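Undergrad: Protein chains in written order, with my numbering: chain H, 1 to 423; chain D, 424 to 605.
There could be a bad hint or two in this list.
[Claimed, not checked] Sample of chain H residues at the chain D side, in silico, Cβ under 8 angstroms: (1) ASP51; (2) ARG55; (3) ASP251; (4) VAL252.
[Said to hold, decoys possible] Negatives, chain H to chain D, calculated, CB over 12 angstroms: (5) HIS38; (6) ASP42; (7) GLY68; (8) GLU121; (9) ALA124; (10) ASN148; (11) ALA193; (12) LEU225; (13) ARG243; (14) GLU258; (15) LYS259; (16) SER261; (17) MET347; (18) ALA350; (19) GLU393; (20) LEU396.
[As the list claims (entries may be wrong)] Computed cross-link-like contacts, BS3-like style, restricted to lysine-lysine with a CA-CA straight-line distance of at most 30 angstroms: (21) H:LYS398 <-> H:LYS387; (22) H:LYS11 <-> D:LYS499; (23) D:LYS522 <-> H:LYS11; (24) D:LYS494 <-> H:LYS118; (25) H:LYS180 <-> D:LYS547; (26) D:LYS494 <-> D:LYS583; (27) D:LYS461 <-> H:LYS11; (28) D:LYS438 <-> H:LYS183; (29) H:LYS8 <-> D:LYS458; (30) H:LYS180 <-> D:LYS438; (31) H:LYS118 <-> D:LYS458; (32) D:LYS469 <-> H:LYS11; (33) D:LYS469 <-> H:LYS118; (34) D:LYS469 <-> H:LYS267; (35) D:LYS522 <-> H:LYS267; (36) D:LYS499 <-> H:LYS37; (37) H:LYS11 <-> D:LYS438; (38) D:LYS522 <-> H:LYS8; (39) H:LYS20 <-> D:LYS458; (40) D:LYS469 <-> H:LYS20.
Derived by calculation from the structure, the hints in this document are not laboratory data.
Note that this is a predicted model, so its numbers are computed, not measured.
Here a beta-carbon is modelled for each residue, glycine too, at the ideal position from N, C-alpha and C.
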Amino acid sequence: MVSGGVSKFAKARPDATFQKIVKESFDYAMHDVPKLKHSMIDGSVVSYFSDHFTRQLMAGIMATDYLGLCPKPNKRIEGGGATGGLCFQAGWEAVASGRMNVCAAFGFETMSRVPTWKGNEFIALASDVNFDYPVGGFYSGYYAMMVNRHMHEFGTTVEQLAMVSVKNHMNAYGNPYAQKRRKLTIADVRNSAMVAYPLTLLDICVMSDGAATCILADEETAFRLTDHPVKITGVGTGTDMMRMADRPHGDVLLAPNEKKSDYRNLKYPGVHSFRAGRSAGLQAYKMAGITDPLKQLDFVELHDAYTSSEIQTYEDLALCKYGDGGKFVEAGYPFMPQIDYGMKLPMKGALPVNPSGGLIACGHPVGATGLMQAVFAFWQIQGSIKKHYGSGELQLKKADRGLIHSHAGTGTYVTVSIMERGW
Amino acid sequence: MAKKNPTIAPAASPKVEELMTGTTVFNIPLPADLKALKGMSPIVVKQPYHIDYIHSYGQDSPFFAGLSNGKLLGTKCGRCDYTYATPRLACTHCGRETKWVEIPLSGRVHTFTTCYFGGEEFLKETPFHLVLVEFDGVDTLFLSRLIGPAGPEDIRIGMKVKAKFRRNSQLKPTDVYFVPSE
Ligand SMILES: [Zn+2]
Numbered sequence: 001m002v003s004g005g006v007s008k009f010a011k012a013r014p015d016a017t018f019q020k021i022v023k024e025s026f027d028y029a030m031h032d033v034p035k036l037k038h039s040m041i042d043g044s045v046v047s048y049f050s051d052h053f054t055r056q057l058m059a060g061i062m063a064t065d066y067l068g069l070c071p072k073p074n075k076r077i078e079g080g081g082a083t084g085g086l087c088f089q090a091g092w093e094a095v096a097s098g099r100m101n102v103c104a105a106f107g108f109e110t111m112s113r114v115p116t117w118k119g120n121e122f123i124a125l126a127s128d129v130n131f132d133y134p135v136g137g138f139y140s141g142y143y144a145m146m147v148n149r150h151m152h153e154f155g156t157t158v159e160q161l162a163m164v165s166v167k168n169h170m171n172a173y174g175n176p177y178a179q180k181r182r183k184l185t186i187a188d189v190r191n192s193a194m195v196a197y198p199l200t201l202l203d204i205c206v207m208s209d210g211a212a213t214c215i216l217a218d219e220e221t222a223f224r225l226t227d228h229p230v231k232i233t234g235v236g237t238g239t240d241m242m243r244m245a246d247r248p249h250g251d252v253l254l255a256p257n258e259k260k261s262d263y264r265n266l267k268y269p270g271v272h273s274f275r276a277g278r279s280a281g282l283q284a285y286k287m288a289g290i291t292d293p294l295k296q297l298d299f300v301e302l303h304d305a306y307t308s309s310e311i312q313t314y315e316d317l318a319l320c321k322y323g324d325g326g327k328f329v330e331a332g333y334p335f336m337p338q339i340d341y342g343m344k345l346p347m348k349g350a351l352p353v354n355p356s357g358g359l360i361a362c363g364h365p366v367g368a369t370g371l372m373q374a375v376f377a378f379w380q381i382q383g384s385i386k387k388h389y390g391s392g393e394l395q396l397k398k399a400d401r402g403l404i405h406s407h408a409g410t411g412t413y414v415t416v417s418i419m420e421r422g423w
Numbered sequence: 424m425a426k427k428n429p430t431i432a433p434a435a436s437p438k439v440e441e442l443m444t445g446t447t448v449f450n451i452p453l454p455a456d457l458k459a460l461k462g463m464s465p466i467v468v469k470q471p472y473h474i475d476y477i478h479s480y481g482q483d484s485p486f487f488a489g490l491s492n493g494k495l496l497g498t499k500c501g502r503c504d505y506t507y508a509t510p511r512l513a514c515t516h517c518g519r520e521t522k523w524v525e526i527p528l529s530g531r532v533h534t535f536t537t538c539y540f541g542g543e544e545f546l547k548e549t550p551f552h553l554v555l556v557e558f559d560g561v562d563t564l565f566l567s568r569l570i571g572p573a574g575p576e577d578i579r580i581g582m583k584v585k586a587k588f589r590r591n592s593q594l595k596p597t598d599v600y601f602v603p604s605e
């Protein structure tokens, strides 16, 4: 990866159509590598989640032609909430296969075009319309059921969930791209409106208008364009059954740092864990040669559409054992070392998770989200946070290797990509 | 359960409800200097969108016929001896075609939630409880509504529940719902 750009995520961007918002992020990425000429781009991949939100079929080609990338190759990538992560990997595939030397991967969502509850209805249509949508029709309800089982199985607490919200909102304070920058306490999170028990309004990400672009290139071209390219050393993509009710209750997919005896009585994944996340993580770790992710990663940008799914994802990514996600956040592991959260955190900064503020604070314009994570991770590894955020507050001292994680509806598609300092 | 007005979004401070109505503008004057157009506010118009789908339940249809006859129909793979509470006509483990079987009408709460908000179509029904029900001898779960308990504090995982059926079938999965049976 040689460059990236993000439009500032906002609740509503009535001033622009999706094409222009994409172009903002694309132009930013182009300006960041002046040696990259438009003509050097061999093709592109584009992602957006919902035709319902755009009320425009084939919006992908419209973004592509606005960027002047015709008649070169392009295709649309879609996979629910993981749309952006899948697009990033599709861009990587185009370069890794040798089909392109330079590939632009861009994505967007304009969710403000319908009222919030209509938007929730559209999102819920990404659940089985024969059996699930007509019964509940609400993704926050599905995730709430998953975390209630997680709490039952492992003793996870609502305060532990709230700590994730406090952390990510506080991190976003240093990120000018974030939609919500707020200093919160655990009590604020618990006292906000209950949406689906036990998840409150502040446990859940918001809808957004936004776009993000990543420019990917082969190694030789990358070094011609920039002195500080980031190498993608591992990719993994996992899947699971759409209906949560259908998920198996079997054995854990073991990470290299786990053994069967760790999980004698655990039925897996059930509805408490995301098997797709574990599967994607194991593939990416194997490819990148990672056997102890907690030690070998410097930071993680993961898909925290819900505070609960951040905790569940710590476990899927084997940052801690299944069941220990709540204790992981309580001990402070995923907090930033340099930020004062007003809490006692003995293991603070051990492995910062969502230094950018994550989806909960940055917003979740679905088709852009996974690419946004890649851009934030790219800047973090480059050490260029100060340049792009205007302040170095969120720059980690050591950020040589990061993980990005994108996740679709109740864990149906999950992508994990490992990014490393390439110079 | 206290019923609140579901059209008002949760907010930190009181505010007036947003409406999707407005004024129709018939003419917008242009400035003499076209350069000034770059400073123009966006024009936002309302575009209705309504579709009646001719939706087919396809191979899942017998399940809905079952509900109208007071039966929960799932499927079973003869080869894997694996029973699906929510029917699927191809076994996910071996790919074989499954057969229809009756699922018990009593089970336990595997997990639950109470939804205070929802997709627009369901907002008027909030708050409501969702449950995933587990059954003895059945390998997968079943998503349904739980009727009866006042709030989430009255529901617990492992609680015994039984199926009830609407007398007038709507041919929807909500033709069955569960109530506490302990
Ligand atoms: Zn089978």
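Undergrad: If a hint holds in the structure, say so; if it does not, say that too.
TA: Going down the list of hints, with the structure as the test:
1. ASP51: 11 angstroms, violated
2. ARG55: H:ARG55 check passes; min Cβ-Cβ to chain D is 7 angstroms, inside 8 angstroms.
3. ASP251: With a minimum Cβ separation of about 14 angstroms from chain D (threshold 8 angstroms), the hint on H:ASP251 is violated.
4. VAL252: Constraint on H:VAL252 not satisfied, violated at 18 angstroms.
5. HIS38: 24 angstroms, holds
6. ASP42: Given that every Cβ of chain D is farther than 12 angstroms from that of H:ASP42, nearest at about 33 angstroms, it holds.
7. GLY68: Its Cβ never comes within 12 angstroms of chain D, the nearest being 21 angstroms, so this holds.
8. GLU121: H:GLU121 not clear of chain D: closest Cβ-Cβ about 3 angstroms, inside 12 angstroms.
9. ALA124: About 5 angstroms separates H:ALA124 from the closest Cβ of chain D, which leaves it inside 12 angstroms; violated.
10. ASN148: Violated: least Cβ distance 5 angstroms, not greater than 12 angstroms.
11. ALA193: The claim is violated: H:ALA193 sits with its nearest Cβ about 3 angstroms from chain D, within 12 angstroms.
12. LEU225: 32 angstroms, holds
13. ARG243: Violated: least Cβ distance 6 angstroms, not greater than 12 angstroms.
14. GLU258: 24 angstroms, holds
15. LYS259: 25 angstroms, holds
16. SER261: 25 angstroms, holds
17. MET347: 30 angstroms, holds
18. ALA350: 31 angstroms, holds
19. GLU393: 25 angstroms, holds
20. LEU396: 32 angstroms, holds
21. H:LYS398 <-> H:LYS387: With Cα atoms ~17 angstroms apart, H:LYS398 and H:LYS387 stay inside 30 angstroms; holds.
22. H:LYS11 <-> D:LYS499: Since the Cα atoms of H:LYS11 and D:LYS499 sit roughly 47 angstroms apart, the hinted pair is violated (cutoff 30 angstroms).
23. D:LYS522 <-> H:LYS11: 49 angstroms, violated
24. D:LYS494 <-> H:LYS118: Given that 30 angstroms is the threshold and the Cα spacing comes to 33 angstroms, the pair is violated.
25. H:LYS180 <-> D:LYS547: It holds: about 29 angstroms lies between the C-alpha atoms, which stays within 30 angstroms.
26. D:LYS494 <-> D:LYS583: It holds: about 18 angstroms lies between the C-alpha atoms, which stays within 30 angstroms.
27. D:LYS461 <-> H:LYS11: 22 angstroms, holds
28. D:LYS438 <-> H:LYS183: 22 angstroms, holds
29. H:LYS8 <-> D:LYS458: 26 angstroms, holds
30. H:LYS180 <-> D:LYS438: 19 angstroms, holds
31. H:LYS118 <-> D:LYS458: 37 angstroms, violated
32. D:LYS469 <-> H:LYS11: 18 angstroms, holds
33. D:LYS469 <-> H:LYS118: 14 angstroms, holds
34. D:LYS469 <-> H:LYS267: Violated, because 49 angstroms separates the two Cα atoms, which is more than 30 angstroms.
35. D:LYS522 <-> H:LYS267: 26 angstroms, holds
36. D:LYS499 <-> H:LYS37: 59 angstroms, violated
37. H:LYS11 <-> D:LYS438: Since the Cα atoms of H:LYS11 and D:LYS438 sit roughly 17 angstroms apart, the hinted pair holds (cutoff 30 angstroms).
38. D:LYS522 <-> H:LYS8: 53 angstroms, violated
39. H:LYS20 <-> D:LYS458: 19 angstroms, holds
40. D:LYS469 <-> H:LYS20: Roughly 21 angstroms separates the two Cα atoms, so the pair holds.
Comparing the model with each numbered hint stated earlier shows that hints 1, 3, 4, 8, 9, 10, 11, 13, 22, 23, 24, 31, 34, 36 and 38 do not hold.
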